[in-house]
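Asker: Here are the chains, one letter per residue:
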Amino acid sequence: MPEAPLRDERVQAPAEAPRDRSASSGRRTLRCCGATTAIQWEGPRAASVTRFVFDAVTESAQDLPSVEFRLEENDAGRLRLCQGDAPVCEDTRVGAVAGALADAASSALSLHSRNGLLLHAAALGWKELGILIPGPSGAGKTTLAAWLTGAGFDYVADDLSFVPEQTRRLEGFARPLRLRDGSDAALRSRPAGWPPPGESLMYDRARVVSATAFPRPLETPNLAVLLFAAHDKTADGRLISVSRARTAFLLMGSLLNAGNIDSRGFEAVAELATSTAAFEIRYRDCRQVEIALREWRASLARCSS
Amino acid sequence: MDSRNPTPANDRRPVHQAGCRLQAIDGELLLFNPARETVLYCNQTAAAVWYLCDGHRTVTQIAQLLADTFPETGEEVLADIQEVVQHLVCHQALTLAE
Chain A
4 MPEAPLRDER
14 VQAPAEAPRD
24 RSASSGRRTL
34 RCCGATTAIQ
44 WEGPRAASVT
54 RFVFDAVTES
64 AQDLPSVEFR
74 LEENDAGRLR
84 LCQGDAPVCE
94 DTRVGAVAGA
104 LADAASSALS
114 LHSRNGLLLH
124 AAALGWKELG
134 ILIPGPSGAG
144 KTTLAAWLTG
154 AGFDYVADDL
164 SFVPEQTRRL
174 EGFARPLRLR
184 DGSDAALRSR
194 PAGWPPPGES
204 LMYDRARVVS
214 ATAFPRPLET
224 PNLAVLLFAA
234 HDKTADGRLI
244 SVSRARTAFL
254 LMGSLLNAGN
264 IDSRGFEAVA
274 ELATSTAAFE
284 IRYRDCRQVE
294 IALREWRASL
304 ARCSS
Chain B
355 MDSRNPTPAN
365 DRRPVHQAGC
375 RLQAIDGELL
385 LFNPARETVL
395 YCNQTAAAVW
405 YLCDGHRTVT
415 QIAQLLADTF
425 PETGEEVLAD
435 IQEVVQHLVC
445 HQALTLAE
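Chains as they are written, first to last, in the numbering used here: chain A, 4 to 308; chain B, 355 to 452.
Quick caveat, the hints were computed from the structure, so don't treat them as lab data. Remember, predicted model here, so these are calculated numbers, not experimental data. Among the hints, erroneous ones may be present.
[Claimed, not checked] Example chain B residues on the side facing chain A (calculated, C-beta under 10 Å, incomplete):
| no. | residue |
| --- | --- |
| 1 | D380 |
| 2 | V393 |
| 3 | N397 |
Every residue, glycine too, gets a C-beta built ideally from N, C-alpha and C.
Bound conformation, chain A alone:
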């Protein structure tokens, strides 16, 4: 699929278009978080934005999409994103459009997700273990996820996570990570040359990094621990056990698709909470969370040996 390379937004020159613009069109049907969306694009920069946002999302040609996106590029290099017939965003900047597409896709998933629990949570894999970090917007989930992926954890999701019904599989919307001023320090431990070319944008004072730049799990992890994390400049980073009832209560507050599941998810969330280890942690810096998780895992190994 011909693409134009994504450019740092500080470089103003537009990408050069290939002569045959029809070769830069396509359509993908994507299955994620219990919902199916489709995106149709036209134009080389539209192709690049689509790849940047969705390359880590599973294709599913068989499913009928609940939502259709259309991304087109005109001859002036202006990108126009529509959801159905409704305009979402129109801009020349790939970062703006990529952000709008990721946000619109997240909203669509929240609206149409079913057959499982969709949670406002980051999700990480650690070999076979799945770690779910619920929390509202601004809680630091993305920053924490970015840090932990540099410490040996695999990226599953930073905001929308999904546990299909009658399973413990931990899935999610592996969208690009958007790290604002200061939060991109979470990427500090990466090797020189990371992220690879075309996998990162600067937009609106944020570094946006494609999901494919992060380590991804080879197999879908199984949910093993719930971590309710809060940043606190005075914190000591201790893991504190959370009661199962309180865990269920906190998870209900993070549930996004209650309207699409039986009993608004009450029984399913209670079942998940009663069968999963749960902790609260107040942390001063992300390294404390990493250390706490390693110590927890070591204690788990000691118990099972």
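Fit chain B to the given chain A structure using the hints.
Answerer: Showing chain B alone in chain A's frame:
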């Protein structure tokens, strides 16, 4: 009931609101109100209060029962129970009968 002399709150009898769904876990409670789409979390103390709100006991009697059962609870037990009951009433998990 005389509207000029309403029954004091402590003499009213809290009773479970119909329609709430309940999950009891390790002595704590989750109360789900489908009409309001809200979930309440009750720790063990609040759960004990909930169970005692059977429509027969007044708020004062509930507080006295808990104070007798747990002497270490202190003098503020009535105020604490009032607060729990009021919280549950506000979230429509309880109503106050005369």
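Asker: Hints first: check each against the structure and report whether it holds.
Answerer: How the hints compare with the structure:
no., hint, result
1, D380, "6 Å, holds"
2, V393, "4 Å, holds"
3, N397, "8 Å, holds"
The structure agrees with every numbered hint stated previously.
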